[in-house]
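**Student:** One-letter residues, chain by chain:
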Amino acid sequence: MTAVPPARGHGRIRSPWANYVTTARYLALFALACFFLMPVYALLITALKSPSEVSVVRMWQWPHALSLDNFAIVWPKLREGFTNSVLMALPASVLSSLLGAANGFVLSKWRFPGADFAFALILFGMFIPYQAVLIPMFQVMSYSGLRGGLYGLILVHVIYGLPITTLIFRSYFAGISEELIEAAKVDGAGMLRTFVFVALPIAPPAFAVAMIWQFTSAWNDFLFGVLLTNKDRWPITVALNNIAGSQAVPFNEAMASALLACLPTLLVYVLLGRFFMRGLMAGALKG
Amino acid sequence: MMSMSEPAAATSAAAASSLARPRAAGIRLEQVGKRFRGGVDAVRELDLAIEPGEFIVLVGPSGCGKSTVLRMIAGLEEVTSGRIFLGSDDITSELPQRRDVAMVFQSYALYPRMTVRKNMAFGLRMRGTPRAERDRRVAAVARTLGLEPLLERRPAALSGGQRQRVAMGRAIVREPRVFLMDEPLSNLDAKLRVTVRAQLTQLHHRLGVTTVYVTHDQIEAMTLGQRVAVLRDGRLQQFATPQALFREPVNLFVAAFIGSPSMNFVSATIAGGQVRFAGHAIALPPDSPLVTADREVILGVRPTAFGPAGVAGWAELAVKPVVIEELGDERYVFFDLEAPRVDTEATRAAFDARGSDDALLLPDEARARFTVRLPADLPLALGQALTVSLDPRRLYFFDPRTGSTLA
Amino acid sequence: MRRLRAWGPGLLLIAPSLVALAVFVYGFLGWNIRVSMSSWRGLAPAHDFVGLDNYVALLGDVRFTHYDVPNIAIFTLVFVIGSLVVGFVMAVLLDRGVTGENVFRSVYLFPMAISFIATAIIWRWLMDNGGGESTTGINQLLADAGLESWRSDWFKSSSRWAIAAIALPAGWSLTGYVMSLFLAGMRGVPEELREAARVDGASEPRVFWHVVRPMLLPVLMSAVVILTHISLKTFDLFYAMDQKNIKIDTPALYMWFTTFDGGFYARGAAIATLLLLGVATIIVPYIWYSVREERRK
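Keeping their order, the protein sequence lines are chains Z, E and L. Quick note on our numbering: the first sequence kicks off at 109 and runs consecutively. Quick note on our numbering: the second sequence kicks off at 513 and runs consecutively. Quick note on our numbering: the third sequence kicks off at 96 and runs consecutively.
The set of hints was computed from the structure by calculation and includes no laboratory data. Fair warning: there could be bad hints in the mix.
[What the hints assert, rightly or not] Straight-line alpha carbon distances no greater than 30 Å define the calculated DSS-like cross-link-like pairs of lysine-lysine that follow: (1) LYS342/L <-> LYS328/L; (2) LYS339/Z <-> LYS185/Z; (3) LYS251/L <-> LYS328/L; (4) LYS251/L <-> LYS342/L; (5) LYS293/Z <-> LYS339/L; (6) LYS339/L <-> LYS251/L; (7) LYS339/L <-> LYS328/L; (8) LYS339/L <-> LYS339/Z; (9) LYS293/Z <-> LYS251/L.
Looking at chain Z on its own, in the form it has when it is part of the complex:
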């Protein structure tokens, strides 16, 4: 028997340059990661410095002592905005997801003549520049008394969130086999029952995607928030802008408040990133 060479790798046969290419790749990826994390680094070390140590010029220096004082300073200013955002973003995301689920189901599995056209019309709503509806919205919200409180803001987020949630659910429900729907029909289920007993049971992942996406979107919104609320009902983005908006504000407060304001959405991103990514992909339409 001829001598058998030792066992080799499991993958593809590699060219002699493969190792150099791989090293170069890792270097590039790492460099890019540094670029992306650089602002976070500045943010974190500034927020964690004691107020007296903070100075714009020494932005990049590591703190001598870690301190949470900055948070204590800005939290009272942000607390109201934080609460408002929570009270606004949660209901808005739940409601627009529910409606989106219904819409998505009808548009994919219980179609009517012109359903595709209706979908295109709905979709367009996602892409319009909000400037083009700002003035009428301002008028309507003012006349109906909805301006100033949170209800108007929630309503607006629900309605303008419909296109993306509809898109998410429509794509998702498109994956249900037609035969399953037909079996339900033959078994005597009408549209509502098919929706409740066939579509909804498998919908939780899509709900996660839609709600996370909508929550992030509503939490991060500024335009509607600043237009439609009064001072006591400002969402956190507006509060943040007021604290840290002008450059005359202490640097440490600006960074600490920015960090606090981002915390919830970042937490969602870190813990539930998978669903976040799927929402991303849905927004690209073409799969």
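Could you slot chains E and L onto chain Z? The hints should help.
**Tutor:** Here is chains E and L on its own, set in the frame of chain Z:
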């Protein structure tokens, strides 16, 4: 679909002689093994020697490693142990780009954004063949395969059969030393498959390129291959001509896998120069090596080894048909024996792999069921006693433990 | 009648959404156009009709024609091209699979979870243009690395291209998204296709160029459309970054200030309508094309 009528074949042969090149190389696999991440051994200690210009088929149930072997020859899988030679060159660590092989994939893998012409010219382009030569070769192959009207189309605008031909054309145009084909016919409908099979054989006669063909269909293997390699669980069972596989299978698996309809099996005992099974006893031919044996065996008989009663020198069996299949000129008669069905790993693997073109009946009892082929004019009826004769020279005996052939 | 009963309930279920969107999207859009053709100025809405006067006035408006339009064009160009290039490169780097791919992807994508306000606040300090003793932010990093000559005034510069500096935070936010799109596109190419190209003799770069790249066109189109429309709509980022700086004014900013600060509602509506037209010219064909492609499958 292109038909190869005689005059057309003659003119194509003349055109094709400009295609055929005596560059065909032999392939040699030495103790080749493949282990995947996770410890799965897809191929074990494979030794295979393929002659230049030969058309060989790798066949076996799914998961037997045949595609893996093909991909290792192509360079798409790294070889874990052993060596592969193309001609006299050791290509074991060679990149697929450098090996002079062409491959037809099961899904055809046509470049979707290129026209048929560009698809076929791609390999030549990559190797730096000058434009004029590229065009000439593509035109010649397109003519041979009847692809001329399709040259400016994209793959999406082609039917399955047309795509298959383009995939073949792409391989032929390269004039490689070896053709590799990974189940290229499995996505075609049955009728098309038969036609293309014949074309493949004719193509091989004309071009004379070494070809390694992978399939799970044993009928395809038998009709196409000059020699056939039967694989199971990563190991080579037997590498021989179709006739040799049919007449002299080396083990139970090969015997059960090859041949349509499949061989009949029953547990038996050999003693005193006779084989006894299910209440029957048949005398062994005096020159049989098992004449003095005294042991348990598995007896195998092909359906075609039976005949109507009264053939000289043949043993007689009294049976009762339970199913009769009329096929016009002949019929298949099924009867049960008073003995348990042979159910070993080997037979199960073989029968599972045979696929839908075999009329496999699920016995409702655990009794051995035999299939025999009989002439259509023989009077018989269901449930009525029938005498058939059996050629004692065409009995196969297998070791019940190892499955290897005894005689 | 029976057919109506078949799909009627579906239509009914979706009706509230359709009605809401009909009002809040199409109704408001139309209303906005109507306002743009009035002479509303001040607190009380005017209901007269002045045709296209406001639009004509915009053409003569220095702030609009000299700052807004060129700025948004420059910004869009730099932002879109920059994000496409960097996003593409990131996707190419990750395509073959690396250990820690998920970590890298999370790092590149997390800025999308942050509001533009926070992004603006952070980057405003990073792009601070203090000099000499008060050099800080990126300028300081550059100085520390010995690249003092690369120091920039960023968006506070008097150059025409000042607004391009804001493409940096915008790109930071959205490049990860582009990367995801390209990566999904690349991974959608069946491995067998690449294998066929390898067997055909193509080296890895050529495999990418001839096999993968042509299949990325739809992804590229999606990315361009989405990025461009986001770029035109962007308001928060500019608002929080440097809203009073007229050199980096944009139509979106102008619309806001002229309407809600200055009271020039009609003019604001006109600017908004122009923005709408700009967005519609790319979005409408895109939606139509997407829905049609989907039908074909």
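**Student:** Hinted pair, alpha-carbon criterion (30 Å max): LYS339/Z, LYS185/Z. Please report holds or violated.
**Tutor:** Satisfied, since the Cα-Cα distance of roughly 12 Å is no more than 30 Å.
**Student:** Hint check: LYS293/Z vs LYS251/L, CA-CA at most 30 Å. Holds or violated?
**Tutor:** violated, 65 Å
**Student:** Check whether the Cα positions of LYS339/L and LYS339/Z lie no farther apart than 30 Å.
**Tutor:** Holds, at about 22 Å.
**Student:** Between LYS251/L and LYS328/L, does the CA-CA distance stay at or below 30 Å?
**Tutor:** With a Cα-Cα distance of about 22 Å, the restraint between LYS251/L and LYS328/L holds, given a limit of 30 Å.
**Student:** Between LYS339/L and LYS251/L, does the CA-CA distance stay at or below 30 Å?
**Tutor:** Since the Cα atoms of LYS339/L and LYS251/L sit roughly 11 Å apart, the hinted pair holds (cutoff 30 Å).
**Student:** Going straight from one Cα to the other, do LYS251/L and LYS342/L come out at no more than 30 Å?
**Tutor:** Given pair LYS251/L, LYS342/L holds - Cα atoms ~8 Å apart, limit 30 Å.
**Student:** Decide if the proposed pair is consistent with the structure: LYS293/Z and LYS339/L, CA atoms, cutoff 30 Å inclusive.
**Tutor:** Measuring from Cα to Cα gives roughly 61 Å; hence the hint is violated.
**Student:** When you check the alpha-carbon spacing of LYS342/L and LYS328/L, does it fall within 30 Å?
**Tutor:** holds, 18 Å
**Student:** Next pair to validate is LYS339/L with LYS328/L; report whether the Cα-Cα distance is within 30 Å.
**Tutor:** holds, 18 Å
When the structure is compared with the earlier hints, violations turn up for hints 5, 9 and for no others.
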